[in-house]
Amino acid sequence: MSEPRTNVGTAGRRILLRGAQGVRRTVARRPRIFLYFSILGPGIITANAGNDAGGIATFASVGADHGYKLLWLLIPLTISLGIVQEMCARMGAITGKGLADLIRERFGVRWTALIMLALLVANAGVTVSEFVGIAAAMELFGIARYFSVPIAAVAIWWLVVRGSYQRVERVFLVMSLVFLGYIVSAFMAHPSWPTVAREMAHPSFEFSPLFLFTFIAIIGTTISPYMQVFIQSSVVEKGVRTENYSLTKADVWIGTIFAIAIVFFIVISTAATLNVQGEHVDSAAQAAHALRPLAGVYAQLLFGIGLFGASMMAAGVVPLATAYSISEAFGFEKGVSNTFREAPTFLGIFTFLVALGALIGMLPGLPIIRVLLITQVINGILLPIILIAVLRLVNDRELMGRHVNGPIYNIAAWVTTLIVSASSLLLIIVTIIR
Amino acid sequence: MLYLSQVLGRPIVDLEGERVATLNDVIVRLGEDDHPPVAGFVARYRRRNFFLPRWRFSHFDEQGVRLNSDILDLRPFTRRDGEVLLARDVLDKQLIDAAGKRVVRVNDVQIIEAAGEWRVTGADVSLAGLWRRLSPGFMRRGTPVEVIDWADVGYLATDAATVQLKSSRGKLTRLHPVEIARLAEAFSYQQGAEIVESLDDETAAETLEEMAAARQAQILGDMDEERAADILEHMSPDEAADVLGDLPEDKAEDLLNRMEDDEQSEVAELLPYEDDTAGGLMTTEFVTLPRDLTVGEALARLREMAETPNMIYYLYVVEGEQSWKLVGVIALRSLILSDPSLPLAEVMRTDLQVAHADDNADDVAQKIAEYNLLALPVVDEIGDILGIVTFDDAIELLLPKDWRQRLPRLLA
Numbered sequence: 001m002s003e004p005r006t007n008v009g010t011a012g013r014r015i016l017l018r019g020a021q022g023v024r025r026t027v028a029r030r031p032r033i034f035l036y037f038s039i040l041g042p043g044i045i046t047a048n049a050g051n052d053a054g055g056i057a058t059f060a061s062v063g064a065d066h067g068y069k070l071l072w073l074l075i076p077l078t079i080s081l082g083i084v085q086e087m088c089a090r091m092g093a094i095t096g097k098g099l100a101d102l103i104r105e106r107f108g109v110r111w112t113a114l115i116m117l118a119l120l121v122a123n124a125g126v127t128v129s130e131f132v133g134i135a136a137a138m139e140l141f142g143i144a145r146y147f148s149v150p151i152a153a154v155a156i157w158w159l160v161v162r163g164s165y166q167r168v169e170r171v172f173l174v175m176s177l178v179f180l181g182y183i184v185s186a187f188m189a190h191p192s193w194p195t196v197a198r199e200m201a202h203p204s205f206e207f208s209p210l211f212l213f214t215f216i217a218i219i220g221t222t223i224s225p226y227m228q229v230f231i232q233s234s235v236v237e238k239g240v241r242t243e244n245y246s247l248t249k250a251d252v253w254i255g256t257i258f259a260i261a262i263v264f265f266i267v268i269s270t271a272a273t274l275n276v277q278g279e280h281v282d283s284a285a286q287a288a289h290a291l292r293p294l295a296g297v298y299a300q301l302l303f304g305i306g307l308f309g310a311s312m313m314a315a316g317v318v319p320l321a322t323a324y325s326i327s328e329a330f331g332f333e334k335g336v337s338n339t340f341r342e343a344p345t346f347l348g349i350f351t352f353l354v355a356l357g358a359l360i361g362m363l364p365g366l367p368i369i370r371v372l373l374i375t376q377v378i379n380g381i382l383l384p385i386i387l388i389a390v391l392r393l394v395n396d397r398e399l400m401g402r403h404v405n406g407p408i409y410n411i412a413a414w415v416t417t418l419i420v421s422a423s424s425l426l427l428i429i430v431t432i433i434r
Numbered sequence: 001m002l003y004l005s006q007v008l009g010r011p012i013v014d015l016e017g018e019r020v021a022t023l024n025d026v027i028v029r030l031g032e033d034d035h036p037p038v039a040g041f042v043a044r045y046r047r048r049n050f051f052l053p054r055w056r057f058s059h060f061d062e063q064g065v066r067l068n069s070d071i072l073d074l075r076p077f078t079r080r081d082g083e084v085l086l087a088r089d090v091l092d093k094q095l096i097d098a099a100g101k102r103v104v105r106v107n108d109v110q111i112i113e114a115a116g117e118w119r120v121t122g123a124d125v126s127l128a129g130l131w132r133r134l135s136p137g138f139m140r141r142g143t144p145v146e147v148i149d150w151a152d153v154g155y156l157a158t159d160a161a162t163v164q165l166k167s168s169r170g171k172l173t174r175l176h177p178v179e180i181a182r183l184a185e186a187f188s189y190q191q192g193a194e195i196v197e198s199l200d201d202e203t204a205a206e207t208l209e210e211m212a213a214a215r216q217a218q219i220l221g222d223m224d225e226e227r228a229a230d231i232l233e234h235m236s237p238d239e240a241a242d243v244l245g246d247l248p249e250d251k252a253e254d255l256l257n258r259m260e261d262d263e264q265s266e267v268a269e270l271l272p273y274e275d276d277t278a279g280g281l282m283t284t285e286f287v288t289l290p291r292d293l294t295v296g297e298a299l300a301r302l303r304e305m306a307e308t309p310n311m312i313y314y315l316y317v318v319e320g321e322q323s324w325k326l327v328g329v330i331a332l333r334s335l336i337l338s339d340p341s342l343p344l345a346e347v348m349r350t351d352l353q354v355a356h357a358d359d360n361a362d363d364v365a366q367k368i369a370e371y372n373l374l375a376l377p378v379v380d381e382i383g384d385i386l387g388i389v390t391f392d393d394a395i396e397l398l399l400p401k402d403w404r405q406r407l408p409r410l411l412a
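Those protein sequence lines, which keep their order, are chains A and B.
If you count the first sequence from 1, position 303 lands on 303 in this note's numbering, and the numbers rise without skipping.
If you count the second sequence from 1, position 111 lands on 111 in this note's numbering, and the numbers rise without skipping.
Since the hints were made in silico from the structure, they are not lab data.
Computed from a prediction, not measured in an experiment: that's the story for all the values here.
For every residue, glycine included, the Cβ atom is placed at its ideal position computed from N, Cα and C.
Careful: at least some of the hints might be erroneous.
As the list claims (entries may be wrong) - The calculated label-pair distances, taken between Cβ atoms and stated as ranges, are: (1) A/Thr-345 <-> B/Glu-202: 36 to 42 Å; (2) A/Arg-106 <-> B/Arg-54: 47 to 53 Å; (3) A/Phe-147 <-> B/Glu-274: 45 to 51 Å; (4) A/Glu-342 <-> B/Gly-320: 23 to 29 Å; (5) B/Asp-254 <-> A/Gly-401: 22 to 28 Å; (6) A/Val-297 <-> B/Asp-363: 24 to 30 Å; (7) A/Glu-342 <-> B/Leu-399: 17 to 23 Å; (8) A/Arg-162 <-> B/Gly-320: 51 to 57 Å; (9) A/Ala-201 <-> B/Pro-136: 34 to 40 Å; (10) B/Glu-113 <-> A/Gly-348: 37 to 43 Å; (11) B/Arg-47 <-> A/Gly-348: 40 to 46 Å.
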């Protein structure tokens, strides 16, 4: 027993016995997903989350009411959306913190309260719009909203609180891919491409309340406040770091261009089908007409599936993200693995938003498209508050170091903020005067 | 008792009661003290910040600060090492409450005077603290507050790099690694890394093992290489191999070569195996005993082992000294209960379940569950034992995915 440990040991020692000591080791590479794909994603998902019930309604009525006239707006909109999304993604990558977290740590309690209130109201609007979308989609299949909305609300609440929402989310995501059909439909509707090109090059603007309303709805549904919170937190969750941020940047821009491209085809297909016949969009059934060139009699079915998927997805995610943001900002216990006793505020906000959305979505005789547009206008009006906060944070050298905005970037971002603020004010003034 | 929110912005007056500046921030020196003393103030006068040391003032209360002389040093303020500015570095930041095992946000800071010193005694994390700062003065009431004793602050999530609490290490180590990991995951990536780095090697290793695989790799990859290698040595070989597999190749190689020989070879042996096989799941820490020992001798050897592996409930019996050929298994329980003079060969079970290195990981986990095992040995083609798959790794595979994630992700 002079050497008691010779064989009582670990297999690691075995290698030493075999004389492998001192060999410089190399690491065998295990196959794993290419880095690019693991980082790609947040930008594309977030930008396209904008094409939900509110987005479809807004752009369908833009195409129906204004034809190709507002297409020019999509060009500056692409730049603005890309810049705003990129700033938030950059903040997520550099600081590793969520937007609400940064707002609280940099601006103190009072500003945080104001910004969070704005976010809560805007997101409550979005949640309402998603439940209205669910109601509208199911009514296309002949199911009354008194059945569909409560069932959907309970299902969403249950799935999220149980923590299994993520799995069903994919199903909804696939369903919402139906909206890609607008691309085909736009071509099959034989729009007047020369007119499209001409309108893209000739910006037109009016100071009428209706125009301003539509203008702000377009901005509000494309650059929604919740999207900034989303992109930043998903960049943080993905663990994107400063070194591989360039991939995320590409992802943001690809996502933005793709999302606006879909919008472009939605407007064209509605303009080429509804506008030329002088029809307006007042219901989901009418909005579905724009898919007729592609699907014929199945247009309603297709539209219903897409609308349902997109609405169900956002109806779970938006209230959840709101509850996370507010809890993060004020330091409340958060996470769906908690019980009501452990995280009353977090689960309270989530439940309140789902319940509010469902209640309004069930109101009899609700002018669906009108309500959807109004919620997007609320988004647009509150957007400047979030944008100013984002701009001040992203230009904070202590926070961002050398990754603050460049001068051109800043000008573009401030111009966006100013235009949105000015037109929001204008709309409020015009509405009050009238 | 003072609250930071009540004194910020209050006037600083001279001997005659004349206002000379405004209180901009409170400076505290963090050290070994459980309740760090106020070292001075940052005063603001004509858009300029200057330092007001402790010995320059005589009164400090809700009305503001009274100086004890008419001489003011107006040189601009610069922060020195170890100094914390309460408004800038503490207020609104997150911290770990080591007593309550949770992450909270600082709504206000409590300062108490004792024996002529003002000391930071606690962090107010209550809604009342929030309300105190939100509401206009006349609406403030004496609502009960929820204050975290400053002595229980385990980690302060602030950007000021030099201010980490010197005593925080001890406070966090009181917690279980699972709890530390859960708390660290509530912070940003950088702060989570800071928390792990502040721990001793052993606790850091155990904490990392409880974190998500991608995060483990990130944190170790960004750490000082020598420190990372030290922590890897303390991790169980299978976990260490998993982390190295998630790192870029040259980084993993560098870390591996910095590890001590023993641990290095254990980990290196595991590296070639695929993640989803028995080889990828197994650990190389196990005990083998030659079959010709008696029960008594075997127990003696166990006691003399310098480092016992975690898993000693199963002892694997091999053909002889220097051999790795697996012939049987003995549960620690039967070893202890058996007659010490019996040879192992008579006590051991020979009808044992084994897995092969390239077996599917899910099947292996299933087998462990079916046969109610604590561990399953992995053998090569000639029957030599390579490692063991322990039940804790098997559980991770068998539990539904959502259950393992404490926080769901907002977007897939």
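Tested hints:
no., hint, in the structure
1, A/Thr-345 <-> B/Glu-202: 36 to 42 Å, "holds (37 Å)"
2, A/Arg-106 <-> B/Arg-54: 47 to 53 Å, "violated (29 Å)"
3, A/Phe-147 <-> B/Glu-274: 45 to 51 Å, "holds (50 Å)"
4, A/Glu-342 <-> B/Gly-320: 23 to 29 Å, "violated (57 Å)"
5, B/Asp-254 <-> A/Gly-401: 22 to 28 Å, "holds (27 Å)"
6, A/Val-297 <-> B/Asp-363: 24 to 30 Å, "violated (50 Å)"
7, A/Glu-342 <-> B/Leu-399: 17 to 23 Å, "holds (21 Å)"
8, A/Arg-162 <-> B/Gly-320: 51 to 57 Å, "holds (55 Å)"
9, A/Ala-201 <-> B/Pro-136: 34 to 40 Å, "violated (54 Å)"
10, B/Glu-113 <-> A/Gly-348: 37 to 43 Å, "holds (39 Å)"
11, B/Arg-47 <-> A/Gly-348: 40 to 46 Å, "holds (43 Å)"
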